[in-house]
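Engineer: Following the hints, position chains Y and B against chain S.
These are the residues of each chain, in order.
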Amino acid sequence: MTQAPQAPARTRAQIAARTLRRDAWWRQPAINAAGLLAIVVYLTWASLVNGDYFWKPYISPLYSPCLTSNCAPGAGFHWVPWLTALTPAILIIGGPLGFRFTCYYYRKAYYRAFWRSPAACAVREPHARYSGETRLPLILQNVHRYFFYIALAFNVILTIDAVVAFRNHAGQWGHMGLGTLVLVINAALLWLYSVSCHACRHAVGGRLKHFSRHPLRYRAWSLVSRLNAYHMQFAWVSLFWVLFTDLYIRLVASGAITDPRFF
Amino acid sequence: MTDIDEAAQVARLPYDVVVIGAGGSGLRAAIEARMAGKRTAIISKSLFGKAHTVMAEGGCAAAMGNVNPHDNWMVHFRDTMRGGKFLNNWRMAELHAKEAPERVWELEAWGAVFDRTGDGKISQRNFGGHTYPRLAHVGDRTGLEMIRTLQQKVVALQQEDAVRLGDPEAMIKVFAETTITRLLKDGGKIAGAFGYVRETGGFVVFEAPAVVLATGGIGKVFKVTSNSWEYTGDGHALALLAGATLLNMEFVQFHPTHMVWPPSVRGLLVTESVRGDGGVLRNSEGRRYMFDYVPDVFRAQYAETEEEADRWYTDPDNNRRPPELLPRDEVARANNAEVKAGRGSPHGGVYLDIASRLPAAEILRRLPSMYHQFKELADVDITKEPMEVGPAQHYVMGGVEVDADTGASVVPGLFAAGEVSGGMHGSNRLGGNSLSDLLVFGRRAGLGAAEYVDSLAGGRPAVTDEAIAAAAGEALAPLRRMSGENPYTVHGEVQEVMSGLVGIIRREDEIKTALAELERLRERAASVRAEGGLAYNPGWHLALDLRNIMLIAECVALAALERTESRGGHTREDFPEMSPEWRRINLICSLDGGRVRLRRQEMPPMREDLLALFDRAELKKYMTDEELPPAAEPADGEGTH
Amino acid sequence: MGTKVRMRVWRGDGGAGGLVDYEVEVNEGEVVLDVLHRLQATQAGDLAVRWNCKAGKCGSCSMEINGRPRLACMTRMSLFDPADAITITPMRTFPVIRDLVTDVSFNYEKARQIPSFTPDPSVGLGEFRMQQVDVERSQEFRKCIECFLCQNVCHVIRDHPENMPAYAGPRFLMRIAELEMHPADTADRRAIAQDEFGLGLCNITKCCTEVCPEGIHITDNALIPMKERVMSRKYDPVVWLGGKIARRPRRDTPKVPGGRA
Chain S
0 MTQAPQAPAR TRAQIAARTL RRDAWWRQPA INAAGLLAIV VYLTWASLVN GDYFWKPYIS
60 PLYSPCLTSN CAPGAGFHWV PWLTALTPAI LIIGGPLGFR FTCYYYRKAY YRAFWRSPAA
120 CAVREPHARY SGETRLPLIL QNVHRYFFYI ALAFNVILTI DAVVAFRNHA GQWGHMGLGT
180 LVLVINAALL WLYSVSCHAC RHAVGGRLKH FSRHPLRYRA WSLVSRLNAY HMQFAWVSLF
240 WVLFTDLYIR LVASGAITDP RFF
Chain Y
0 MTDIDEAAQV ARLPYDVVVI GAGGSGLRAA IEARMAGKRT AIISKSLFGK AHTVMAEGGC
60 AAAMGNVNPH DNWMVHFRDT MRGGKFLNNW RMAELHAKEA PERVWELEAW GAVFDRTGDG
120 KISQRNFGGH TYPRLAHVGD RTGLEMIRTL QQKVVALQQE DAVRLGDPEA MIKVFAETTI
180 TRLLKDGGKI AGAFGYVRET GGFVVFEAPA VVLATGGIGK VFKVTSNSWE YTGDGHALAL
240 LAGATLLNME FVQFHPTHMV WPPSVRGLLV TESVRGDGGV LRNSEGRRYM FDYVPDVFRA
300 QYAETEEEAD RWYTDPDNNR RPPELLPRDE VARANNAEVK AGRGSPHGGV YLDIASRLPA
360 AEILRRLPSM YHQFKELADV DITKEPMEVG PAQHYVMGGV EVDADTGASV VPGLFAAGEV
420 SGGMHGSNRL GGNSLSDLLV FGRRAGLGAA EYVDSLAGGR PAVTDEAIAA AAGEALAPLR
480 RMSGENPYTV HGEVQEVMSG LVGIIRREDE IKTALAELER LRERAASVRA EGGLAYNPGW
540 HLALDLRNIM LIAECVALAA LERTESRGGH TREDFPEMSP EWRRINLICS LDGGRVRLRR
600 QEMPPMREDL LALFDRAELK KYMTDEELPP AAEPADGEGT H
Chain B
0 MGTKVRMRVW RGDGGAGGLV DYEVEVNEGE VVLDVLHRLQ ATQAGDLAVR WNCKAGKCGS
60 CSMEINGRPR LACMTRMSLF DPADAITITP MRTFPVIRDL VTDVSFNYEK ARQIPSFTPD
120 PSVGLGEFRM QQVDVERSQE FRKCIECFLC QNVCHVIRDH PENMPAYAGP RFLMRIAELE
180 MHPADTADRR AIAQDEFGLG LCNITKCCTE VCPEGIHITD NALIPMKERV MSRKYDPVVW
240 LGGKIARRPR RDTPKVPGGR A
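Residue numbers (numbering that gives the first Met the number 0), protein chains in the order written: chain S, 0 to 262; chain Y, 0 to 640; chain B, 0 to 260.
Note that these hints are calculated values from the structure, not bench results. Incorrect hints may have been included.
Distance condition first, Cα-Cα at most 20 Å in a straight line; then the derived DMTMM-like pairs of lysine to aspartate or glutamate [to be verified]:
| hint | chain 1 | residue 1 | chain 2 | residue 2 |
| --- | --- | --- | --- | --- |
| 1 | Y | Lys120 | B | Glu126 |
| 2 | B | Lys254 | Y | Glu159 |
| 3 | S | Lys208 | Y | Asp114 |
| 4 | S | Lys107 | B | Asp219 |
| 5 | S | Lys208 | B | Asp187 |
| 6 | B | Lys254 | Y | Asp160 |
| 7 | S | Lys208 | B | Glu179 |
Examples of chain B residues lying across from chain Y (beta carbon under 7 Å, computed) [stated by the list, open to error]:
| hint | residue |
| --- | --- |
| 8 | Asp45 |
| 9 | Ser115 |
| 10 | Phe116 |
| 11 | Leu124 |
Positions of the beta carbon are idealized from the N, C-alpha and C atoms, including for glycine.
For reference, chain S alone in the conformation it holds in the complex (with noise of 0.2 Å):
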């Protein structure tokens, strides 16, 4: 009668149009999807190029760990010698790259901006049918936690080579020219960026019912929950600055532009 589920069979108010909203709601999703190609295209360019990565003693974020035996001389590890075939940085982009593709901002983003499911809030998506992450492969969005967890790997890489950088071009310590600020940056947000993520949150204490019998664990969650507020702007910072980081290395091993030392 009132909610009783038997009511008389009622039907939505038919409304044709897609979305009444009159704001510029298509701007959004339009920024991010050409925000996000224009990454993918630099990334599949630089990753495939598989040269002036490396200017001692700099190497880009985007071939470390280098780890094939082709990798440039002085470079990385040499480890795996019957890859050739890739360059190192194909071999190991499938980390970050899947930290990212299930975090659950780049979600969000790319869900809107490519799926348009929904391309934005009270628009109606395009699709006839809709099962979510329920099934594969997007179920697979799970394993964010493990990914999370090889990112810290790659952050801690990273922060090496950031480090390394403070060694002038003959490998003397004590030294720092601006690509090591752009590595010491790249390293922190990166930093930021994983640690502010939601797998981290619910790992640092998140998933506790009771923080009151886990005090450290809830400053830490309280801390991570605040830079979780940042999360997007840190996605989006780090990953531009990853690029940028690959590109400044890029210009100085290729000799278009000389690094500025500082001491």
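Structural biologist: Relative to the frame of chain S, chains Y and B by itself:
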């Protein structure tokens, strides 16, 4: 078809207990009736969980003593009686003070998440008229927490029934957006209730021997009110029409602080917690004027200097309370007087300042909805600027005359709880006592109704087709009229009359004018016409509510004329004093041949052990000499204040 | 006095209907609901609008204003260009009863399927001890006024009504999160959150958070933490192995049966 034929086709739904109203008291009553094994229907004028209880902000008063261990039921009882100026039904005040803690703890066990003290107990806050921090709260949205908890308890019971009986609605069912327009009787006893479902406009009859009224207040009788559209005095009017009596309807609470600007939100409540947490009232000259308005009866308990008042927030045991925390009637009159004296704010209010008293972050934490409300609706940032506030109708102390222990009215089978019942709060309600009232007396009314049903054994009253036909005819009349006035116009005029002539300050000549106006308006109200059809037709609904509004307006005006004193929520400019003689008098409103009648009824004397909780000196301020207990030591209490 | 503004209001029932144009007076400081009330009082006495507190506290007057889900009582007219007509339509996800009033019974059915608060039965009245830091997460979710705007805007059911039986919607997934984070609750609703209430259908595109009039961080604080908990319960091989080795029994609380949906 005749009405009778149609009546035979109206759905008849058999229940043991029908609770009209799905706010705090209604849900609490229904839960109790269902737990006593009774098939229970909850009738809600709006959607389930939207009741006016959500508007309660400050908290729920219960002497748990979590923050100040000196608190106990006797202190709470004394505060309640003082706040009500000793006109309270003392048995209700006693039950309320004693049972409130358990009712609050019960909510916690049902999933309510109150703010906590450092040792993990329910936190309690200060409020006007309460000696100790006593209000269990959740930020400034305590009413929402309460309604949601009770709603979820109803759902939990339905889930039990789904498992046990295979049908979640077997024992307790909510009829949302359904309005009762008549109580049906068999002989002298309640037999059921007649109403319509908003969605379809279809009629329903609930056949039940026991009806609990929990319909809340009468705000829409007045123009500036913090009450929602539902508050049209339905329960009060249904009770009158069923032969029950209303008690002390002249006592209407004008809460001192509501938004005054912009016009569209005039009357929107500004919670008393603002003052409880340190907010102060100032006039346009910047003066903290409440120190000028402390009445003699409260002189001993309130600070005389700003310094002492400010110390109280941190050291309440050694300082007296700031006068901003006087009972609501005192503060409302003071605000009114300042505005009348020309010291008001640009939009006819006074200034309530919290910005200069607390850091911005603290304001945001303690008063989030107030911040939100002013920011969104008035572009005022309360962490930076003072608020403009003024009094508005907020609550009615008067209501259905009930038995304190069971909530039973004088009509067998009719019960009432919450704002619709009268007596508990005397002439003025303390903030925070409303939510606890709902719980304590909601439960008691539910239990009372269940016991009454048991006492009937097999012989249940029956609903006749004739009664249904009469109710249906009455309900359809505004739609069937070919011509008639717009109900919105008539309602607006009633509100003007009541706000202007029977408002916060009253005078004999004005009330008489109001009564004459109401006489004329009654005829117009009886002949309004609603356009449109049956389904979800607000014009029609208002036309039906008008009957109730008119009845209540007349009761309020008659009682206000009769009581020639000033007390609590009834202020007579021509009789400014409080009279011990009048304290013994309850004014009883009833219906006789369709006309509202008023009579005086003596108040039963307070039980001795309760009387002994007060100083003789204090009682002397309120009571006649013959009522006072014999002085234990003849010299004691004489001449002291 | 005020200025005139053009309002295009959806009127009709049973899904059939359309936008009707009105010209109404608007005064300073008014909200959309004030203007709808003036319409009722002066031009359209039977215009159906659901409302109640008119203070943003009850969540009754949910509707779509210029295509955006909003509370009419909290939407100020000054937001709009007075030269343009304002379009007002009922919530799109729910069936229309009449005009701007929709049938939101879907939500009440979902509410009834979620296992209620389940405290340890041995805790007596007044004996609960909970710390403020432990209740704060649940308290944020309990600010919900059940306006159902999040349910309305969520594309999972807005654009795909066939998902309604399998999906509880943001409001009720948040209710599950609220109970799971309640320090005194003992049930485990993680498995049913995914299997019965459709948490996996949520693709965290955050429209629920965008429209919430209470500013609750539904996605970040309720839905994503629930997804992480579900991950631990259902998909994490390490947690699964650890549970096997430690022989931790699983005690999934089942969905409440007997709903007539």
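Engineer: With chain Y as the partner, please determine if B:Ser115 meets the hint condition of a C-beta pair closer than 7 Å.
Structural biologist: holds, 4 Å
Engineer: Would the hint linking B:Lys254 and Y:Asp160 be met if the CA-CA limit is 20 Å?
Structural biologist: holds, 14 Å
Engineer: Restraint: B:Asp45 near chain Y, CB-CB cut 7 Å. Satisfied or not?
Structural biologist: holds, 3 Å
Engineer: Taking only the CA atoms, is the gap from S:Lys208 to B:Glu179 under or equal to 20 Å?
Structural biologist: holds, 8 Å
Engineer: Take the C-alpha atoms of Y:Lys120 and B:Glu126, compute the straight-line distance between them, and say whether it is at most 20 Å.
Structural biologist: holds, 8 Å
Engineer: Just to be careful: measuring from the Cβ of B:Leu124 to every Cβ in chain Y, is the smallest value less than 7 Å?
Structural biologist: holds, 4 Å
Engineer: Check the hint pairing S:Lys208 with B:Asp187 against an upper bound of 20 Å on the C-alpha distance.
Structural biologist: It holds: about 12 Å lies between the C-alpha atoms, which stays within 20 Å.
Engineer: Hey, S:Lys208 versus Y:Asp114, does the alpha-carbon distance stay inside 20 Å?
Structural biologist: holds, 17 Å
Engineer: Would the pair S:Lys107 and B:Asp219 pass a check requiring their Cα atoms to be no farther apart than 20 Å?
Structural biologist: holds, 12 Å
Engineer: Against the 20 Å threshold, does the CA-CA distance of B:Lys254 and Y:Glu159 hold or violate the hint?
Structural biologist: Holds - the C-alpha atoms of Y:Glu159 and B:Lys254 are around 12 Å apart, at most 20 Å.
Engineer: Answer holds if the nearest beta-carbon of chain Y is closer than 7 Å to that of B:Phe116; otherwise answer violated.
Structural biologist: holds, 3 Å
In this structure, every one of the numbered hints holds.
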